[in-house]
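Chemist: The lines below spell out each chain.
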Amino acid sequence: MKPELSVVGKRLPDISGVEKVSGAVRFISDISLPGMLIGKVLHSPYAHAGISQIDTSEAEKLRGVKAVITYKDSPQKQFTGTLMNLQCVEGIEAFGVYDRLVLEDKVRYVGDAVAAVAAIDERTAEEAIGLIKVKYEPLPAVFDEMEAMKNDAPKIHGRVQKRQADGFPGEAIVEKNIAVHVAHKPIGDVEQGFRDADYIIEESAYTSKQRQSPLETFHCIAIFDAIGKLTLWTQTQLPYLTRRMIAYIFDMPEGMIRVRNEYTGGAFGLGLAVSREPICILLAKKTGRPVKLIYTRPEDFVDRPTRSCVGPYTIKMGVKKDGTITAVERKVIANSGAYVECSALSGLIATSVANPLYRRDSYKAEIDAVYTNKLSCGAMRGFGNPEETFIREQVMDEAAEKIGMDPLEFRLKNLCQIGDPGTFGPEFPLTSIAMADCIKAGAEKIGWKEKRGKKQQGTRRRGVGVSCMAHNSGAYPAHAEISNAIIKFNEDASVTLTVFPASIGTLAFGTLAQIAAEELGLSYEDVHVVWGDTDATAFEIGSHASRTTYIIGNTVQRAAAEAKKKLLKRAATKLGVSPEELDIRNKKIFVKSKPEKIISAAEITKEGLYTRGDVEQITGTCSFRPSTSPPPYQAVFTEVEVDTETGEVEVVKMVVVNDSGISINPMVVEGQLEGGAAQGLGYALWEHPVMDNRTGEVLTTDFDTYKIASTLDIPEMELILIEQPEPTGPFGAKGVGEPGCVNQAASVANAIYDAVGIRILELPMTPEKVLKELKQNQNASK
Amino acid sequence: MHRKIRPFELIEPATVKEAAQLLASHGDKARVLAGGVDLVSRMMRWQIKPEYVISIRRIPGLDYIEGDGKIGLKIGAMTTLRSVELSQVIERYYAILYEAVRQIASIQVKTMSTVVGNLCVSTPASDIAPVLCVLEAKLKIEGGKEDKIVAIEDFFVDVGKTIVEPGQIVTEIQIPAVSLQTGAAFFKLKPVKASISKVNAAVMVGIKDDTCNKAKIALGSVAPKMIRAMRAEETIRGKMVDEALIIRAAEVAAEESKPITDLRSTAEYRKEMVAILVKRAIKAALERASKSEQERGKQ
Amino acid sequence: MKKELATFIVNGEQYEEAITPNMTLLELLRERLGITGTKQGCTGSGNCGACTVLVDGNPVLSCLTLAATVRGQNITTIEGLAKDNVLDPVQKAFIDYGAIQCGFCTPGMVLSARALLNRNPNPTKAEIKEALAGNLCRCTGYVKIVDAVLAAAKNSGKGG
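Chains as they are written, first to last, in my numbering: chain R, 1 to 782; chain F, 1 to 299; chain W, 1 to 160.
No wet-lab data here; the hints were simulated from the structure.
Any given hint could be a false lead.
Below 25 Å or equal to it, Euclidean Cα-Cα: the simulated DSS-like pairs (lysine-lysine) are [to be verified]:
1) Lys2(W) to Lys653(R)
2) Lys61(R) to Lys4(F)
3) Lys4(F) to Lys2(W)
4) Lys193(F) to Lys283(F)
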């Protein structure tokens, strides 16, 4: 029976709202410290070059310049920017490669860091950058992943650090520019599965290096104190892993590093990497002053890791006439860019997210992460899922068409059920799945029956399409996923909740406060959240893989339960009853069988702090690790109109039906889905990062050339939240952050097919591409 | 990777004559500041580094929209795009100019930018240029040896270059009165709504006794500067216009275009789209031309 | 480069500052006056709108405005919207309707919305979208922002 909830499930405005709306909230870009210098980076104009000489003398002479650093100042320890590679004791996951230095005498993409300056102001720093004289020895560069694997291709890396049998990093030589080759454990026998199939569908897709493009660009501040302890303000989503990585690079003990976080102007995965913080730290070390490193918008586009860009991503599927999926084989060649960062990891996630979605007899997947002289692929919301879903959901539609089944019927027939193996295998079975409800509700809302497969005349044609997906709620067991929460009661029976999720706009503090308040019988305003400082909080992995609500939420709920237990125990002694007879609501502790027998919680909490007797600061703590990762599910239905003369695709309507279990705050969940949808549509249709294929220079460097959605681009959207409780989630909740942007590309692609009978397997689906396909299709049918 | 503007001297003359003299004496070391959106943006990005910025913002009497469709329109050098958008006279008599400005997405940019400034930037992607061209607009250029009046289509030389020489300032846009039985239309394609066009087309046609007696077709984003598709105009001028002729004219216009592949689109696509947009624009312009007599009758 | 004293009126307060011609209004606000609510989101693209302030009630991009050109004019930043600690109806609606996520675009967005309601107290959804098309948001997808402005218009047409 669903208990009556008074805080969870409510559309409460976020506690940071007043600050944010009045300009009072502080971002790292707003921070100014006494004596602070501004740091700027010199970027490489070459895609691949050695550096034989750097003359910094003129830059150093410029008035106001306090330090110039080059590869000569850099620690010689190779590392990877990708912090998830540290989510294990050994410090390097199977798919991680330590392949970069802070500054090196080699550059591997246009935009790579060469040197840096710290000066009294930004103007001086910019001027000084221009005075650094670098002698480059250009090398041949390679941008195409297939070219990069050829025997005569330029060698981008020599020696790197990879995971050894004992789990620790050890040296390895890179062959054929392949950073990582990794395969999932096969299930069944795909060759047999293809033999058993009546039809085989095979497609390859090419997706884009979408940019996270948060409104706040990269900023960080580093300052050493008198005893050499480092404080680092970063836009991180993974604070303690940042601390560990910095400790590793600079050979410092973790205790001498303090990572601090302010509100961040968006991240969408950028906070999962250490990028240029080490440069900032070197400048702070050299000058003995606080240094703030600033990136302009073009620098953000040119030197921060992108969405994983795969090409080609191949799916081969065998189906029987009755709709059974006999085999699915995936082969991913990931163009990783110059440093492998997240490429292999997102490939692994991408090729496994469908495990808890559709049943299939056999499965095989392998990934090659290939080095090229392009900007690295890092983490972006969805983390491989948008790429996989773009092609898989089109293959599903093709399979349905081959066997003559309605695409919805085909999906419904093959959906996983509760108890089926989850993403990570049969040891982690599914405990909730409302995918069928999502499909049915969405189909009705979009008008699937009335609109699908309609013959049309005229130059504007309409169609409807669907895409379904499953994601994660945290990455256990693939990663160590630890969270900690501390709750302490104040005199007034309010609590202070100490946690450290990311502050990137997901409104996590409010969500966690709601969970704590509900568990403790307090109101939302009674929970004060402390965050943002590794010296003041307990260890926390942070926010990634849509883990915050599910994992940190569970942690907070348990910490709250413990605090409540102690509170009631103390109150029970005072009232002369047993603790089991008590409960708390609205800061009043009452006897359940005699609700009129009340004592105020504040009386108990205050007494414990000021008594001459039995003192107690009533706290609750929890160190938590989940035992599974229940997938959130989602269906997106879109109706499009294709102008067959121009190839323009207009999304007329979009219906998003999401299953993230119970919503702790429906307004927050909606916000994640709406924002995600705008990014998903951008990925599908108009976000087009462009690189000069001869030089490797990124040409889309600001919002006039890289177009993200404005108010005018958002179609009519309907959201439906299916709230099937997840038994292992806090108050039944699952992951929320990423599903929003996963389905749009496939849904639109499938709708285009319904409208005009062409299939686009390259992103973005620009009018130029659509028109080309339309013409080829017309010619083919003549 | 810069965003700090490098040093320059700001001079704020009080008259057009003074401004012209300053521009003459400083030559290519000087730039004009009107709205500033384009100028400041380029200075932030270190694309240009003028030593002198001559502001015309404090010169009185440059912000005006005078006249109407019967006597013709005059727009001053400091008139903003936003003023054009809010002008009922322009919306009524010069609808395509209103439409072209209306679909510029940012109200902040429209509030700051001037119409004349938009032209002087000389980007082939300007929507204003082809629209003013088919409206047969002229520009008044003061300074230099003598003041002159120049047709819009003779104003642009290349990307970022107009016929304005050091010591000269564009002070006014002059649009002639709207003739009876004419109609104009403007179509464009953009990557997203808040973006500059990847290809655009403006058409003006006049109808008398079922015959097209006037035709002007201007194209943007398909050459280093705005072009008039004169052969396409000849295709329909003096003829009775039917569907087949419209399509033919549109194809000719496409042949006349010389688009390139850039960040917004490809050359092939742009060329094809010229035909589509011109076809649509001619049809819409004809429809407006036949309506205009009825509307004129109402006044 | 010449430094000159100039008077600026920001949120009703007068400031006298020595400025150089190459100082933008955004730099004046953030770096000189320490009023950091107004943000920089791009490098002069003219698209992002994070630097939006009101000059004599009109929304402009402060990163593309030379400070010297707005001396003596009334400049309103996000800090100047609330009166006597009472939030403007637009600010209140943004909070109540969940129109804020990371908060970085919020100052510019709120000011553009306030300017809209000042000139058009009862806008349609389409008019709201048009008025905010020069303010980019990467977090919200704009849905709740439009809802909030609509609600603010219903609750009170004029500014506080």
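Chemist: For each hint, tell me whether it holds in the structure or not.
Modeler: Results for each hint:
1. Lys2(W) to Lys653(R): violated (57 Å)
2. Lys61(R) to Lys4(F): The hint holds at about 20 Å.
3. Lys4(F) to Lys2(W): holds (17 Å)
4. Lys193(F) to Lys283(F): holds (23 Å)
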